[in-house]
Amino acid sequence: MVAANWLGALQSKRWVSVRSLTRFLTWFLVILFAWILGRLVWSFFQPTVAPARWQPAPVVASGNVAAGRDEVPKILAMNLFGRYQKNAPVVEQKQPVKQDAPQTRLSLTLVGLVASNNAKTALAVITHRGKQNTYGIDEAIDGTRATLQAVYADRVIIRNNGRDETLMLDGVDFNKASTPARPASRSDQRQPQPPNRRQSLGALSKKFLRSRSRCLATFDCLR
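If you read the sequence shown in full-length UniProt numbering, its first letter stands for residue 1, the second for the next number, and so on.
Bear in mind the hints are in silico, worked out from the structure with no lab data behind them. C-beta: ideal position from N, C-alpha, C; glycine also. Keep in mind that a hint or two might mislead.
To be verified - Label-pair distances were calculated between CB atoms; the ranges are:
id, residue 1, residue 2, range
1, 55, 29, 19 to 29 Å
2, 161, 72, 46 to 56 Å
3, 102, 127, 12 to 22 Å
4, 121, 84, 21 to 31 Å
5, 19, 44, 31 to 41 Å
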């Protein structure tokens with residue numbers, strides 16, 4: 001009887017422990033499943049946060065780099081490529097003078113001129129409406145919009161409203177086909193040639209013989 005009671009008690013206690021373990025595992029799985037389900041639901045309603053923007057770490061400049069940066073303002077102050085001027089005057093390129101320009105229709109008379117290779121010394125004496133005046137290169141002629149552009153040996157070139165025109169010297173006919181004569185330079189002027197030495201000796205000998213013959217004739221007469 002005692003053995004039977006002990007065997008029955010052991011069997012009932014073992015059954016109780018297995019049932020308790022099964023119940024514990026069941027509740028654990030239920031709680032775990034509920035936690036996972038809650039995380040999934042919360043992920044749909046949780047606001048998304050933008051990731052922080054990456055920024056590079058500041059680099060500490062070395063001594064050489066800092067010294068190089070100090071030299072930059074000095075180099076800029078030297079103005080190696082010139083100083084910028086906002087209101088600088090615009091240099092206009094001078095239009096070349098047209099030598100075979102047509103004859104002008106202005107009532108001008110070229111009385112005289114001084115042709116020279118140097119534009120600063122070239123002059124022209126022009127009469128307009130009875131008033132005579134002397135003009136240099138790029139000077140405006142009184143009473144007109146024309147300016148003197150070039151002075152040649154027999155004509156001058158004037159520029160009237162941007163058009164080159166020819167004004168001939170008074171008394172010289174206009175000829176468009178021929179090019180205007182340029183002022184003669186020192187190299188173009190003819191220099192006197194020195195006389196030939198033989199020719200000079202021959203002339204002296206002839207003069208000496210003539211004077212000698214005259215002297216002899218005079219001496220014979222005195223006798």
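Worksheet item: Hints broken by the structure, by number, lowest first?
Response: 1, 4
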